[in-house]
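*Asks:* Using the sequences plus the hints, can you model the full thing?
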Amino acid sequence: MMIDINVVVANNIMDQMKKHNMKQIDLANAIGVSKQIMSKMLNGSRLISIAELHKIGDYFCVTMDDLLKAPVESTEVDVMRAFMGKVESDAAREALHTVDKLADMIIFHANVRENVKVMSETWEM
Numbered sequence: 000m001m002i003d004i005n006v007v008v009a010n011n012i013m014d015q016m017k018k019h020n021m022k023q024i025d026l027a028n029a030i031g032v033s034k035q036i037m038s039k040m041l042n043g044s045r046l047i048s049i050a051e052l053h054k055i056g057d058y059f060c061v062t063m064d065d066l067l068k069a070p071v072e073s074t075e076v077d078v079m080r081a082f083m084g085k086v087e088s089d090a091a092r093e094a095l096h097t098v099d100k101l102a103d104m105i106i107f108h109a110n111v112r113e114n115v116k117v118m119s120e121t122w123e124m
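Residue numbering for the sequence shown follows numbering that gives the first Met the number 0, beginning at 0 and increasing consecutively.
I should point out that these hints are in silico values taken from the structure, not numbers from a laboratory.
DMTMM-like, lysine to aspartate or glutamate: derived pairs with alpha carbons at most 25 Å apart:
id	residue 1	residue 2
1	Lys34	Asp14
2	Lys22	Glu113
3	Lys68	Asp103
All values derive from a computational prediction rather than experimental measurement.
*Replies:* Listed below in structure tokens is the structure:
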């Protein structure tokens, strides 16, 4: 099972926010991004740039490595595998497998598109 680094980083940032009793808007203001961008960062739908990750680490007095650390044991559930056990025909299993691949491709391309925007913004600074 593949771990989504965006979700790992977002969870680590939210842990820091809880420790410091902060809201999303507080962190957004501290690192100079909009509350909408911060929301996307924290729900894992937007890649956080190295510059932003560095600012967040500095703000919380933690290293970027701390923010990038994946949990030792992931509790993430593989939804497709859960459904696969309930499917009775090979054709249905194959269809679910195809849907899973398509969903991964859609997410990948959406992330690439968002990351292009982030990188463009970073280089324009």
